[in-house]
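Can you make the complete structure from the sequences, with help from the hints?
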Amino acid sequence: MAVQNNVDPNMVKEKLARLEPQLAALQEELKNTSDKKKRDKLISKIEYTQGKIKQAKTGERLSRQAKRDLVAYSFIAPNFIGFCVFTLVPIIFAFVLAFAEWDGNNPMKFVALNNFIEAFKNDRFIASLKNTIIYCIATVPLTLICSLGLAIILNQKVKGRNFYRTVSFFPYVASLVAVAAVWNMLFSPQKSGPVNMILYNLGVAAKSLPKWSADKDWVMFTVVLFSVWKNMGYYMVIYLAGLQGINAELYEACSLDGANTWQKFLYITWPQLQPTTFFVTIMLTINCFKVYDIVYMLAGGSNGVLNKSAIVLVYHIYEEAFRNWNLGYASAVAMVLFLMVLAVTLIQFRGEKKYAN
Amino acid sequence: MKVQSKAYKFWRVVLYVVLIGLSVLMLIPFAWMLSASLKLDKDVFIFPIQWIPENPRWQNYIDIWTKIPLSKFVLNTTKLTIIVTLLQLLTSSFAAYAFAKLNFKYKNLLFMAYISTIAMPWQVYMVPQFIMMRGMGMNDTHMAIICLQAFSAFGVFMMRQFYQGIPDELCEAARIDGMSEYKIYSKIMLPLSKPALSTLTIFTFVATWNDFLGPMIYLKTEAKKTLQIGLRMFISQYSSEYGLIMAASVLSLIPVLIVFLSLQKYFVEGIAATGVKG
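Chains as they are written, first to last, in my numbering: chain A, 1 to 357; chain B, 1 to 278.
Hint data in this document are derived by calculation from the structure and do not stem from the laboratory.
Remember, it's a predicted structure, so these values are computed and weren't measured experimentally.
Some clues are possibly wrong.
In silico BS3-like cross-links for lysine-lysine, where the CA-CA straight-line distance does not exceed 25 Å [unchecked claim]:
id, chain 1, residue 1, chain 2, residue 2
1, A, K54, B, K107
2, A, K38, B, K107
3, A, K308, A, K130
4, B, K105, A, K37
5, B, K265, A, K159
Computed footprint of chain A on chain B, listed as stretches where at least three residues anywhere in the stretch have a Cβ under 8 Å from a Cβ of chain A [to be verified]:
id, stretch
6, 16 to 23
7, 38 to 48
8, 97 to 104
9, 138 to 150
Ideal Cβ placement from N, Cα and C applies to all residues, glycine included.
Okay, structure coming up:
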């Protein structure tokens, strides 16, 4: 317990003489403040000062609070050190790098906004920005509608509900490389591809059969289709949770008023789900900005090079950084991506405030 | 009444038809994968599709192991996934306990550091991260992938959410009984947090097993590659060996499906919890 060290009594007196009036002043202040936030602050200050006084009296080297802090830090340290070194520092580094020219070996050169100016002059950057946004505009509403529809159906009392839920989740957990390989075969650009074969048998002329990912006008469509199929199960789960949060009495009241299914959806389900829809939209948008692997695997062919009809932002970062070693330029493009995500996140914060009330 | 029940029956039928249609849509690619994995390359694209091959070619599943170092890939991926998942579980639950149940200096500041990076996409800082790892001599090592994946802000955030739901009185009582914080963590909190740990396990497991961009940037030597990039490499090298590609794909899905099916409940709950609360 408290180890009585040899302490100079004069020092203790001196310390106490300084600390005790401080404590008294704080306590006096506390009596006169009514604002809750300020009070909490004062109380923690008082506790801190009391701790110091105790420390001075017992002469321990570490106060109780300091010991507690150390224990707490020992809990945090393993994760925090890793997090600092491998996440926090690279993030700061990324901000610096965006304004520099560097190939990773020679000395770094500061170039101010040149990287950004260069980016907006670069065809591939413009194409990647355009494709990312097109992909986003097409994928977000489609995924939203599909996952909401799926959630509503799977929220009904149907036999084997859990089985269906599991099945609709399969594509999401399945590894991308494997399912993309299947899609590439199913949507093979040749006439012999299974999907094209079905279209052909349905009466589509052999000449007008879509070439899917091999055609510059169809490639984004194929990617969007795949992405909706793969990810809708994930957002369905979020919608299911939202649906289960709706008060059943609302539906009962609505039935008594003679509303039909469509009206119930329009006047209860949809408005009640608004916070969920908002959240799903935000998440989807951010995930769409980050798209890379889907496009790479569906449209990259065997050498993994994306042409202008399918290039997306993250791929552009990748090729500039790891193929051309334009590290500064790549970081500038990454900053554009960051600003896009940041804009959406800020909208999210505002929305969260609105829906919290 | 009779009319209504007829209409009701009609809608039930429509509902089931839609449901079955949807499940078929979801499952068809997997069924096709399985069926193609048992065929000769020349039979894969025969139309109408022969779902159950007459002479299933099990040889595909044997050949694939010799055609590419598949066992090496599986071993690498398994090793990485297990290490990352364990590290993630251990370090984030450890840190989360402090953030949820202990009071200390700079607590809010440290937590803010985590929160502020949650919205930061990894793709934004992957380039400087690579340069740093290369500087530490970790290019082309498994260590890089482990460091990349094991310390996520998400894990700490999620575990903290869960610990905050456990009443403080429980810890207080234990403290009065003279238990140290480490004991409280290991004897009380850890056993109580099984559901959250399961959720984190499945999230980390699936993410690490399926990760593509990370290993693609870091792992260059063939013997070090993971299943995903190994598979991708095989697909681009032998793009017309359909049967073999599909057999390898089926094999790569099995572990994730096993983990998913056995921990499915936690996965769904985890998405719902982190999703709705934001």
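Evaluation of the provided hints:
no., hint, in the structure
1, A/K54 - B/K107, "23 Å, holds"
2, A/K38 - B/K107, "18 Å, holds"
3, A/K308 - A/K130, "10 Å, holds"
4, B/K105 - A/K37, "18 Å, holds"
5, B/K265 - A/K159, "18 Å, holds"
6, 16 to 23, "holds (count 5)"
7, 38 to 48, "holds (count 3)"
8, 97 to 104, "holds (count 6)"
9, 138 to 150, "holds (count 3)"
When each numbered hint is compared with the structure, no violation occurs for any of them.
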